[in-house]
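Required output: the full structure, derived from the provided sequences and hints.
Residue numbers (my numbering), protein chains in the order written: chain A, 1 to 178; chain B, 1 to 178.
Worth flagging that the hints you see were computed from the coordinates, not collected in a lab.
Wrong hints could be hidden among the right ones.
Same chains, same names: a pair is fine if it fits in one copy or spans any two.
Stated by the list, open to error - Straight-line C-alpha distance at most 30 Å; calculated DSS-like pairs for lysine-lysine:
no., residue 1, residue 2
1, 24, 94
2, 79, 94
3, 68, 142
4, 67, 94
5, 68, 79
6, 67, 142
7, 94, 68
8, 67, 24
9, 79, 67
Predicted model only: the values in this text are computed from it and were never measured.
Protein chains: 2
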Amino acid sequence: MSLAYAILAFLAQEPARSGYDLAKQFAGSVGRFWQASHQQIYMELAHLREQGLVEVQVQPRDGQLEKKTYSLTPLGAEKLREWIGRPIEPSPFKDALMVKMYAGHLADPGEVLAEVRRHRARHIEWLSRLRERNRDMLCNTKLEQGQMFRYLTLRRGIRLEEEWVAWCDEVIALLQQP
Amino acid sequence: MSLAYAILAFLAQEPARSGYDLAKQFAGSVGRFWQASHQQIYMELAHLREQGLVEVQVQPRDGQLEKKTYSLTPLGAEKLREWIGRPIEPSPFKDALMVKMYAGHLADPGEVLAEVRRHRARHIEWLSRLRERNRDMLCNTKLEQGQMFRYLTLRRGIRLEEEWVAWCDEVIALLQQP
DNA sequence: TCTGCCATGTAAGTTGTTACATGATTAT
DNA sequence: ATAATCATGTAACAACTTACATGGCAGA
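Structure representation (structure tokens):
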């Protein structure tokens, strides 16, 4: 259900995007908040089209497969606006590392510590990339209209990664002393 | 796949639990890190039993439906230990509020602000409950063996909710000034 | 008597993952 | 040559949700 709205949200921000473009966005920075494989995206685009929420422009390219770019229809924009206004509960999430932690005493302490260190490194990596984007966004222009909202999602990404690193540090500190 | 391990992790901590007990745990505090409906749990327990990872003790109760309690088998414990030691990537997650934020400029500003305030209230609520459990855990006993690891998952829950509240505050501050 | 909790499941439908399938263009 | 990127899909399978189904016991 929500994948549909995620696609509509992307198309609202930047129209005339192909399934391939969307798949890249879902795999990139935005992918920290919503993921979808290209297979899912192509299916969903076909479905959205049937419902009249997006329209497609087929661009033939000589020799190659034709490229299809999608844009919001007025109906699609309306449905999206309606969804944004509708209250929802905070999204549940699943974290396998926490399940592992819950039964961490069963495993080798060194292995658990190593796994937490690995995760910490990964989050540090993501954090530095997000901070870069944060700098870019603040330097280039004054935040207007739509940019402001995308800036706020970026802020959340940064906070989340900072939180992860802080937790990993706490775990490492506690597990290292016997 | 991971639901299986989540169930094994619960049974490792406290054996002889019924599907109903597990469903309650998944719906309760632990549910912030992993969710499963009772339907899913009953199915998965049957599957785990076929594989010989859990064993069941059927307790007849006069008049009522019999109660089935499940415990880990040695094979189940081994599989769980092996899974915990196997490195994984940080779990992806999906956050519908972030998708809404991304296209927030399309909606009524008042509605967006109200939604963020609602979410903030929810997270404050969860946070206070988690902090209570934190106090209980620290006061009652010195943390030993398995408790330590469950304490660390609780710490993560608290940090996450704090992060949520801080982000909501930032959003509210930024959206209130024109 | 009615609500809520205890207790267990089946079945249909939706969503998401993995595997399979193809083929041109561009950079190393 | 070989790999990576562009570009689009189908099909089988696994995971998850929603609806349906049943029935006792305890307390208001």
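Inset, instruction - Against the structure, test the hints numbered earlier, and report the numbers of the ones violated in rising order. - result: Hints 3, 6 are the ones this structure does not satisfy, whereas the remaining hints hold.
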